[in-house]
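Sequences and hints are given; from them, build the entire structure.
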Amino acid sequence: MRLMKSLDRAWRLFATALAFTVFGIGGLIMGLLIFPLMFVFISDVDLRTLKARRLVGRAFGAFWEMMCILRILDYEIKGRERIDPGRCQLIVANHPTLIDVVLLISLFPRANCVIKKAVTENIFMRSVVRAADYISNSAPEELLESCAAYLKAGGSLMLFPEGTRTKQEKGMDFKPGAAAAATRAGVEVLPIAIECKPLFLSKELPWYYVPYERPVFKVNILEAIPAVDQCADFTTARQARHELNSMIFRRISNELTGIEFSD
Amino acid sequence: MDTDTLYSKIRDILIDQFDVEAAKISMDANLYEELEIDSIDAVDLLVQLKEVTGQKIAPEIFKEVRSIRDVLDAIAAT
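If you're matching them up, the sequences are chains A and B in order. Numbering of the first sequence is given in numbering that gives the first Met the number 0, commencing with residue 0 and proceeding in unit increments. Numbering of the second sequence is given in numbering that gives the first Met the number 0, commencing with residue 0 and proceeding in unit increments.
Don't read these hints as lab results, they were simulated from the structure. It is possible that some hints are incorrect.
Here are the simulated SDA-like pairs of lysine to any residue, each with C-alpha atoms no more than 20 Å apart in a straight line [claimed, not checked]:
1) A:174 with B:6
2) A:202 with A:171
3) B:62 with A:144
Keep in mind that this is a model prediction, so the values were computed, not measured.
As structure tokens, this is what we get:
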């Protein structure tokens, strides 16, 4: 039994290294070949954005399935029926691991994302980010404006309000920007609770740390929080933002403390 | 505009617009920790200060600001 467990763990370490390699090579081929070709063959910006996002979604979905087949992780998704690509909404989730975004983009391929500046400047990733027309966080003062404008124009956007992966010793904390974008644009919020147990690929752990048991992701897509009416004056708008932020936080953290679904 | 007038203007903005308790406000109170101003508020506050003083504090300078005294210094420096 102990031998089996050690073997399983050793396999997961190898498989994780393999997955990182596959991700790197896949990213290289897509970034240097496929996405640049999209610029050559698809001149219509909207069509190119759509196709690029769909491709990223499929690639991430395939990558996620590959990790499951390699037995690196297991996962369950609850609330799939709440996914509605036709809706204009702000999708927010907590961010326990490096790979949350892989699953979320595969579930919401049409949504826009905010990409770290370093990534948008990366030579391999640049074409992906540009083709899919993802938002870069290069200008923090303008970031809120561009997020709100994108939502106002009728698109969906995905954000991790923590700004980075959860710091385990500090606990979950939501920055006010996500709620601000939703209130300014007057769109609904779709909260998603992500749990990974035992934890791996977190902020503090190195990629090569694999837990003794295979990690299980439990993702719960919660009920959408309806859009708040546009507030005319500054103080009520500020209040609405605070309320929305704490509501999103409460819904997600309640879900995380009570998460126990295996039906 | 002299420092005292400006201070009371900022004080009024904080009380009226940002729901800060009057008793908590002082020259050296930490805006973020004691007065519960968040990063979005900070940007809004910057906009309102510009309307009051007519001067634009650069966002990168405002990032370093922690108290009302720092705000006054930043305005004096521009």
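Going down the list of hints, with the structure as the test:
1. For the suggested pair residue 174 of chain A and residue 6 of chain B, the alpha carbons sit about 28 Å apart, so the restraint of at most 20 Å is broken.
2. For the hint pairing residue 202 of chain A with residue 171 of chain A, the CA-to-CA distance comes to about 12 Å; that is within 20 Å, so the pair holds.
3. Between residue 62 of chain B and residue 144 of chain A the alpha-carbon distance is near 18 Å, which keeps this suggested pair within the 20 Å criterion.
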